[in-house]
Amino acid sequence: MTEFTRVPKQVEDAMEKWNGTTSRRDFLKGSGLMVVSFSAAAMVNPNLINATASAAVAEVNPPAGPYKDPDFRQLDSWIVIRQDNTAAFYVGKTDCGQGTGTAFRQIMADELDMAFDKTDLIMGNTETTVDQGGSGGSDAIRVDGWPMRRVAAEARRVLLEMASKQFGAPVDQFSVSEGVITVKGDPSIKVTYGELIGGKRFNVTLTGKDIDATTGVANLKPVQEHKIIGKSLPRYDIPPKVDGSLKWAVDAKVPGMVHARNVRPPWAGAKLISIDESSVRGIPGFIKVVSKGNYVAVVCEREEDAIKASRQLKVNWEKPATPSFPKSEDLYDYMRNASPTSVTQPTPPVVGNPDDALASAAKVIEAEYEFPFQGHVSFGPAHAMADPSNGQMTIYSNDMKAYRLRRGVADFLGMPQDRVRVIWMEGSQAYGRTAADDAGFEAAFLAKEVGRPVRVQWMRHEETAWDTKGPAFTFKLRGGLDTQGNLIALVYNARTADYNHVDYNDPNTVLIGQLVGRRPSAPAKGGAGPPADMYVIPNLRRTTEVVRLPLVWETPIRAGNLRDPNGPQIAFASESFIDELAAAAKADPVEFRLRLLTGSTDDDKVFTRARSIAVVKAAAAAYGWDNRPSPKALGTGNILTGRGIAYCYRQTTIVVEIAEVEVNRTTGHVWVKRLVCAHDCGLVINPDGLLNTIEGNLLHGLSRGLHEEVQFDTDKITSVDWISYPTLTHADTPAKIDIVLVNGDPNPNRPDLPPYGAGEAACRITPAAVANAIYDATGVRIRRVPFRDKRVLAALKAAKV
Amino acid sequence: MSKFTLKVNGRTHTLDIDPSTPLLYILRNDLGLQGPRFGCGLGQCGSCTVLIKGLAVRSCVTPVSAVRGAEITTLEGLARDGRLHPVQQAWIDEQVPQCGFCQNGQIMTAKALLDKHPNPTDQEIREGMAGALCRCMTYYRVQAAIKRAAKMMAAARRASGSEVIA
Chain A
397 MTEFTRVPKQ
407 VEDAMEKWNG
417 TTSRRDFLKG
427 SGLMVVSFSA
437 AAMVNPNLIN
447 ATASAAVAEV
457 NPPAGPYKDP
467 DFRQLDSWIV
477 IRQDNTAAFY
487 VGKTDCGQGT
497 GTAFRQIMAD
507 ELDMAFDKTD
517 LIMGNTETTV
527 DQGGSGGSDA
537 IRVDGWPMRR
547 VAAEARRVLL
557 EMASKQFGAP
567 VDQFSVSEGV
577 ITVKGDPSIK
587 VTYGELIGGK
597 RFNVTLTGKD
607 IDATTGVANL
617 KPVQEHKIIG
627 KSLPRYDIPP
637 KVDGSLKWAV
647 DAKVPGMVHA
657 RNVRPPWAGA
667 KLISIDESSV
677 RGIPGFIKVV
687 SKGNYVAVVC
697 EREEDAIKAS
707 RQLKVNWEKP
717 ATPSFPKSED
727 LYDYMRNASP
737 TSVTQPTPPV
747 VGNPDDALAS
757 AAKVIEAEYE
767 FPFQGHVSFG
777 PAHAMADPSN
787 GQMTIYSNDM
797 KAYRLRRGVA
807 DFLGMPQDRV
817 RVIWMEGSQA
827 YGRTAADDAG
837 FEAAFLAKEV
847 GRPVRVQWMR
857 HEETAWDTKG
867 PAFTFKLRGG
877 LDTQGNLIAL
887 VYNARTADYN
897 HVDYNDPNTV
907 LIGQLVGRRP
917 SAPAKGGAGP
927 PADMYVIPNL
937 RRTTEVVRLP
947 LVWETPIRAG
957 NLRDPNGPQI
967 AFASESFIDE
977 LAAAAKADPV
987 EFRLRLLTGS
997 TDDDKVFTRA
1007 RSIAVVKAAA
1017 AAYGWDNRPS
1027 PKALGTGNIL
1037 TGRGIAYCYR
1047 QTTIVVEIAE
1057 VEVNRTTGHV
1067 WVKRLVCAHD
1077 CGLVINPDGL
1087 LNTIEGNLLH
1097 GLSRGLHEEV
1107 QFDTDKITSV
1117 DWISYPTLTH
1127 ADTPAKIDIV
1137 LVNGDPNPNR
1147 PDLPPYGAGE
1157 AACRITPAAV
1167 ANAIYDATGV
1177 RIRRVPFRDK
1187 RVLAALKAAK
1197 V
Chain B
1243 MSKFTLKVNG
1253 RTHTLDIDPS
1263 TPLLYILRND
1273 LGLQGPRFGC
1283 GLGQCGSCTV
1293 LIKGLAVRSC
1303 VTPVSAVRGA
1313 EITTLEGLAR
1323 DGRLHPVQQA
1333 WIDEQVPQCG
1343 FCQNGQIMTA
1353 KALLDKHPNP
1363 TDQEIREGMA
1373 GALCRCMTYY
1383 RVQAAIKRAA
1393 KMMAAARRAS
1403 GSEVIA
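Line by line, the protein sequences give chains A and B.
Following my numbering, the numbering of the first sequence begins with 397 at its first residue and continues without gaps.
Following my numbering, the numbering of the second sequence begins with 1243 at its first residue and continues without gaps.
Warning: the hint list may mix true and false statements.
[Unchecked claim] Distance condition first, Cα-Cα at most 30 Å in a straight line; then the derived DSBU-like pairs of lysine-lysine:
| hint | chain 1 | residue 1 | chain 2 | residue 2 |
| --- | --- | --- | --- | --- |
| 1 | A | Lys921 | A | Lys723 |
| 2 | A | Lys982 | A | Lys1112 |
| 3 | A | Lys596 | A | Lys580 |
| 4 | B | Lys1393 | A | Lys1132 |
| 5 | A | Lys1069 | B | Lys1295 |
| 6 | B | Lys1389 | A | Lys1132 |
| 7 | A | Lys982 | A | Lys759 |
| 8 | B | Lys1245 | A | Lys684 |
| 9 | A | Lys1112 | A | Lys872 |
| 10 | B | Lys1249 | A | Lys643 |
| 11 | B | Lys1389 | A | Lys1069 |
| 12 | A | Lys617 | A | Lys605 |
| 13 | B | Lys1393 | A | Lys1069 |
| 14 | A | Lys1132 | B | Lys1358 |
| 15 | B | Lys1389 | A | Lys643 |
| 16 | A | Lys627 | B | Lys1389 |
| 17 | A | Lys643 | B | Lys1295 |
| 18 | A | Lys627 | B | Lys1393 |
Rather than coming from a laboratory, the hints here were simulated on the basis of the structure.
Could you put the whole structure together from the sequences, leaning on the hints where they help?
Rendered as structure tokens:
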């Protein structure tokens, strides 16, 4: 439950600066009231305003807590309307760079009937925003947008009821526009939301079995009545990101704050024997070496001195007696020879009789594919700042799951949860379970040990080596064609090194938890999955297996969720193989896929299949696809060109991509000159924001397909920076990207068109589309990611291209 | 420790500091600037970029002793008289950033590129920007924004009849 209090003047000033907007102060002036917990957050925030903290700031003490959870069943927890007829929205999400903050404001402003620029949004502050779980699963709009819409509609309904009482007329006699309620037929009779409720509480209880189901009794607007949803409004967070005024989590500073750097084991699984603290005592401002188990950090007054101390500290480590993992070049052989720790068969495991069908097939095709470990490799290495003042723990973090970070840290430190809070701030991109989790725990642990606010940041080599990794896969596929070139049987086997897949903010698997010796009762089993397509294949068997590497605990090869956790891996194999089958059938790759999508079936996938067909056709039309089988006749020049298609669904979103490549025969270099993407994610909140998200998604997939591979010897990761772990750069950006937003719904004008999510789907199939284009250009099939020059050149030479 | 005078965004600061300290930490922790950010500490990614004598310089690997007395411009110093630099405006017009963490490097590198090549070819943009990395992969919009900024700057030059734009 939120309560109200007056905001001190210095906090008003600080918040104005903090938010980098001029509207904040006007909001507060207009309301005279504010949510107490929000002001409490702001009372700490002033210290962050300026590195050289002002006297006014120093007078403000951090609040003592406890930090209660806002009650999601109270309308006041979501929406505050001020006397000046502006609104603040409080949502339990975090914007990882896809502009979801702007989208949330659009959703809520539209249902509330307020102008977008009269609204403001607060996200991911565990003390003031309801727990919607932060980010993940491409669910921002798809799942969490719904309660936001419903509570905003409910607030509108309550305000109309208030106007009805005030004017003694029934609700249906009023109309609402931009926060002003007028009597139909007599616009002179009007009242604003601010006049009705500004500075007062709604005191409206909501219902719903969980936060996702939160609702009042109001109906939502039909899609056709939306005025703000569907508009490409500019993102509010972009100007302060461009002029340098935004305060990021890396900028979090409070008086008395000190700097820490970690000292990692030089070998995976190494054991700490001893530390020679005298090796760093002479460093100016040296405060302390903190160590527990195999976790070691140094703390200094100044950041550069902490870095120096972390490099200079003499630590005696014991190397494990046996190798921790195979060398990366031996990884796939190791995986193929390992005994699975678990075997799963997706539902349904078997369709028809695949063995008999294969035996009777006119043509049987087999192929194996390999996909490496890939890193998050956050651009801004993991960081957090923790303040232990007043026996509390306040963590300033860009962790996308602020709420779980709070719970995890409370468990890790043995503190009551209501003494811990997380203030989410903007940060470097977070496409899943990044090391921001790890750094949040470390900052809190160090702050408790040192008794002062501690800021910790990982160094580049730490981030690239020790962050969690998207798991490596090997695949075996067999397919059978009949004499007409129809796919009659498919057998799919996926094997992944996903054992001990780490969860979000789990005190037992977070890196410091591991290094201090905490263990869960059992490692997570991990898992793969079936191909995400809607193809109708009459005889089908799919098996997925998990294997483990020798070292399970305290390892830098930690499998964890990386954007679309196993989607790009599986789609690389499955969509490459569909292309191989099309080529064997001498069929056009688009036509072959459409044939598989139009097959007769009695399953319940008609809706998704119809949309899949619409999206395949939209992509082919946008590209200008010419119907012919792959590969095309080999060119004579040094540059060979070709095009490839790939298709998938993710959750309910459908994506089709077509890549046009240039392959350099002499160097093996692949340039994706053009990318076309057709994308159906249902209701679109902000079209330009969606396009930006899809562009980034496409290129993230391209980076993973062309460049990215974690490399290691038998006891450590050897890809540790941007040279040894290369990613896409400006130099290999496509010259042209065409994105078509499709509404393939069989009933496209339905008033309840839902949104399906866009944060991850489009990265899934880029590697497959590119591999298929390379094949079209060269006749050579590349079955291992990434397609670096050397690998492609070797394949071209082997095939005498 | 030694005394240094640094000129940053038109203001002069005197600091008593270890001369080997990378400029980045002084800008961020002593001068309270936050445009330049730590990304790698190796001069590989560009997130710490500042402008010195028209060049895009990686402040994470530049000891403060090397920039004594030089005019240093950070992201915060690009705007003039309350107006954003055309590069910044083009970034907003094209809605370039996603998370935005790398955009200091993108914008500052683009500014230096446009000062050298006022009307850059696609190839000059690709090569000139190749060292400014982005993990959200906003490259496509960055390249569009550079072309837009080039046009805005050319128009401003024609209007003023000079080369004074920032």
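Status of the hints after comparison with the structure:
no. : hint                  : verdict
1   : A:Lys921 x A:Lys723   : holds (23 Å)
2   : A:Lys982 x A:Lys1112  : violated (46 Å)
3   : A:Lys596 x A:Lys580   : holds (26 Å)
4   : B:Lys1393 x A:Lys1132 : holds (20 Å)
5   : A:Lys1069 x B:Lys1295 : violated (35 Å)
6   : B:Lys1389 x A:Lys1132 : holds (14 Å)
7   : A:Lys982 x A:Lys759   : holds (12 Å)
8   : B:Lys1245 x A:Lys684  : holds (27 Å)
9   : A:Lys1112 x A:Lys872  : holds (29 Å)
10  : B:Lys1249 x A:Lys643  : holds (23 Å)
11  : B:Lys1389 x A:Lys1069 : holds (19 Å)
12  : A:Lys617 x A:Lys605   : holds (23 Å)
13  : B:Lys1393 x A:Lys1069 : holds (24 Å)
14  : A:Lys1132 x B:Lys1358 : holds (25 Å)
15  : B:Lys1389 x A:Lys643  : holds (29 Å)
16  : A:Lys627 x B:Lys1389  : holds (25 Å)
17  : A:Lys643 x B:Lys1295  : holds (27 Å)
18  : A:Lys627 x B:Lys1393  : holds (27 Å)
Hint compliance for this structure: hints 2, 5 are not met, and every other hint is.
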